[in-house]
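Peer 1: Chains as they are written, first to last, in the numbering used here: chain E, -14 to 331; chain R, 124 to 391; chain G, 3 to 247.
No wet-lab data here; the hints were simulated from the structure. Hints may contain errors.
Said to hold, decoys possible - DSS-like, lysine-lysine: derived pairs with alpha carbons at most 30 Å apart: (1) G:Lys185 <-> G:Lys83; (2) E:Lys17 <-> G:Lys83; (3) G:Lys82 <-> E:Lys17; (4) G:Lys137 <-> R:Lys200; (5) R:Lys352 <-> E:Lys17; (6) R:Lys352 <-> G:Lys82; (7) G:Lys83 <-> G:Lys188; (8) G:Lys124 <-> G:Lys64; (9) G:Lys25 <-> G:Lys229; (10) G:Lys124 <-> G:Lys83; (11) G:Lys82 <-> G:Lys137; (12) G:Lys75 <-> E:Lys15; (13) G:Lys229 <-> G:Lys137; (14) R:Lys315 <-> E:Lys15; (15) E:Lys17 <-> G:Lys75; (16) G:Lys124 <-> E:Lys14; (17) R:Lys352 <-> G:Lys83; (18) G:Lys185 <-> G:Lys229; (19) E:Lys113 <-> R:Lys315; (20) G:Lys137 <-> G:Lys75; (21) G:Lys82 <-> G:Lys124; (22) G:Lys188 <-> G:Lys124; (23) R:Lys315 <-> E:Lys14; (24) G:Lys25 <-> G:Lys11; (25) R:Lys352 <-> G:Lys25; (26) G:Lys137 <-> R:Lys352; (27) G:Lys64 <-> G:Lys83; (28) G:Lys82 <-> G:Lys25; (29) G:Lys83 <-> G:Lys11.
Said to hold, decoys possible - Part of the chain R face toward chain E, derived, beta carbon under 8 Å: (30) His147; (31) Met304; (32) Arg305.
Note that this is a predicted model, so its numbers are computed, not measured. Beta carbons: idealized from backbone N, C-alpha and C, even for Gly.
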Amino acid sequence: MHMADALLSPAVGTTLWAGTVAVGGYASKKLKERIDDRMIPLMGVLGAFIFAAQMINFTIPGTGSSGHLGGGMILAIILGPQAAFLVMASVLTVQALFFADGGLLALGCNIWNMGFYPCFLVYPLIYKPLIRDSQNSGRIVAASLVSAIAALQLGAFSVVMETLLSGNSELPFGAFVLLMQPIHLAIGVIEGFVTAGVINYVQSARPELLGNIAAVSSLGAGISLRKVMITFVVLAVIMGGALSWFASTHPDGLEWSIEKVTGKGELREAERGIARVLKGIQEKTAFLPDYGFKPEGNDLKKAEAASAWPGIKAGTSVSGIVGAVIVLGMIVLIGMGIRSFRGRDA
Amino acid sequence: MTFDTLYFDIGRLDRLSYRDTFVHRLDPRAKVIATMLFLFTVISFPKYEVIALTPFFLYPVLLLTVGEIPVRFMIRKIIVVSPFAVFIGIFNPILDTRTAAVIFGVALSAGWISFLSILMKFALTISAALLLIATTSFPGVCHALRRLGFPALFVSQLLFLYRYLFVLMEEAMRVIRAREMRSFGTRNTGIKVSVRLIGILFLRTVDRAERIYYAMLSRGFQGDIPTLKRSHIALSDLLFLAVMIAYLGAFRFFPITEEIGRVALELF
Amino acid sequence: MSHHIVEFKDVFFRYPDGTEALKGVNFRITHGESVGVVGANGAGKSTLLQHMNGYLMPTSGKVIIGDLAITGKTRREIRKKVGIVFQNPDDQLFMPTVFDDVAFGPLNLGMDEATVRERVRKALGMVNSLDLQDKPPHHLSCGQKSAVAIASVMAMEPDILAMDEPGANLDPRSRRSLIMLLKTFKHSKIIASHDLDLILDVCERCIVIGGGAVVADGPSAEILSNKGFLEENNLELPLSFQVRS
Ligand SMILES: Nc1ncnc2c1ncn2[C@@H]1O[C@H](COP(=O)(O)OP(=O)(O)OP(=O)(O)O)[C@@H](O)[C@H]1O
Ligand SMILES: [Mg+2]
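Only chain E is shown next, with the shape it has when bound in the complex (with noise of 0.2 Å):
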């Protein structure tokens, strides 16, 4: 599941971006010190195949609904960490473009969600462990079931932390990982089916060719466990760093639990004699004085919410409501203007 710019925060989407491009950069540098020429366009047309691959739809046995492959794990398989994690960033780049799934700021999240997971921990710390060096059908189904469901899972939950964190969304912690995580573990049993039986077709019709890929790719299995360990824990570290500033600007959005309503609608009177009907749909119509729904009694929250971004106000009335109805008007006509003073040219 794609994370979406509409759910987000700025500081989280920050974040995972910072997180992405580290790790980006870290694999390009890795992988440009020792790549073999070949890896180049194989890695590119390998992305555009992950993006074929999906659209093969299949059934999902017993379910009637359809699948397809999500590929950070066969591309992890098949080219090594690095270069799949590169390759898996530039499938999301061209989703989040021509699909705009997801979304260009949520990009570093997904990313980070569909890349990292499956190509720097669940390949070398799952996959790669279990399956050793073994081309056994059944191990390889085993290892890949184990793995595609450990990487969506990872992902599935990252995707809850980021939503909770960003605090755009009501959805109490329990709830949304009891919404997501069984969700994805029917897609990672999926995942892991069609990552194994991809990977065994190939060896059965082709056994020469992984293991020739392997080669070139040369860092399959000399990745550096270390190495990745220390780049996940600097990068934690840095996330920690930077979340726990969100949570000291950003207070509500650490709160998981629903909050109860504190204190009652008051309604506005109309102040000066306006026109009737305005009369009429103002006497109707009125928000709370305090438009920030910060509980009251958390002074400490208010003050610190309403520092966060100097030169909004809080509060808001009808006059707000006019406005938007009149700007979004202006942006028709001004819309409709340009069309048509076009259409003329033609």
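Since the structure of chain E is already known, use the hints to place chains R and G with the ligands on it.
Peer 2: For chains R and G with the ligands alone, kept in the frame of chain E given last:
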């Protein structure tokens, strides 16, 4: 969505990006930066902000009209986008039921307002991303990324992906058609058959990569993919960025919409 | 000039899966000759061409270009001299725009910007495709792709030109201009094709491949008019020799 519409949609978006309008002629770097600033500004609004978001629709509308992008096509693209944000946002009205406003005598809960805010942010961010790619050719975006400091290796991946996206999708389409033709009406979309198809596609892809590599070698490839610089930042690009920053800053930090409303109310 | 010579000496080639694609190929092409290579599907034409700049290395035997035998070490040098246009233009055009693609070779040869632009202009001009330069290859028709693929090789100004099915997918007018182009190319050229009229038009010499070996080698006019022999090799008389019935 079926394979064909998906395929033709990408193709259509791609073709739009090679048009020649004022927006298309702007330097890709300027457009990438402007888009990122726009997105950042939009999502920086707090959870319950609705009114202050309205002026931000001006940017997509301008791109859409000046860039001569078909409106209906864009709206359809926005609607078919993965609805994850909407799906998660819909819980807000259910869970956050404090009354926040009374409009025309109808009580509106805070959850609806935050959900509306998510929807608006959704529409704004998605349309900004789609319009970036509809008004800037993908190679243009890639060159912009390269010159903004992204690693060369990553950018060349992107370029290869783009170059062979359409070629491989057509290949996938042929494979799928062949499957449909031979399954005689029973929609033979079981996982086993699909895995086999993906496997075949994979083998063909690897062979193709090999042939591409040969073609590259025959033209002197030595590990780097050279390109000539093509675009230069022009005055119009700087102007575009300046106007963009002023626009974003003004509507982000000053409650202009509300002010307009107040003035309008006073006029009556 | 000795470096425009192409010589195959007893070349055998076996694909990894065991297919014996070449079984003792022998011929010598001297400077300035233009040679057509014909043969049925699967005869080994593409395999043969891919030996000319070392994508495939003979299982046994020797391929000599100029005065260098192709080895792992001399490959890179030889690739600058031999330009090959492949059968499938999609694999040949790997850059995102036509301009970038044609510029790829010259840039790799280390030329400066002005020279590169000049080369691109000239090469695209040769195949009447100057107006395509900003397009991405996937917006081109098949024939346009073939034309650009030829330009991208011509931009390297090779000494020896090898082409695999250059005429396929071209409309009559483009095919005609391709023939004119090939006629103006003064260096050695080798053209594998099923378009026997094109071979007859462009090449004075013709090599017929059958089952991985040379079954005939001589003047095109002679070989391509021998109906019985051509039919033995799953080929037909060129249209220009066929009497309409
Ligand atoms: N990559 C490969 N692996 C194994 N066998 C191959 C491969 N490529 C070609 N062959 C086999 O080698 C033989 C010669 O093929 P080649 O492609 O050279 O024929 P061709 O003369 O170019 O045919 P066409 O006219 O169809 O292009 C054929 O039997 C073919 O099946
Ligand atoms: Mg061939």
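Peer 1: What are the numbers of the hints that this structure violates, sorted from low to high?
Peer 2: 8, 13, 14, 16, 20, 23, 25, 30, 31 and 32
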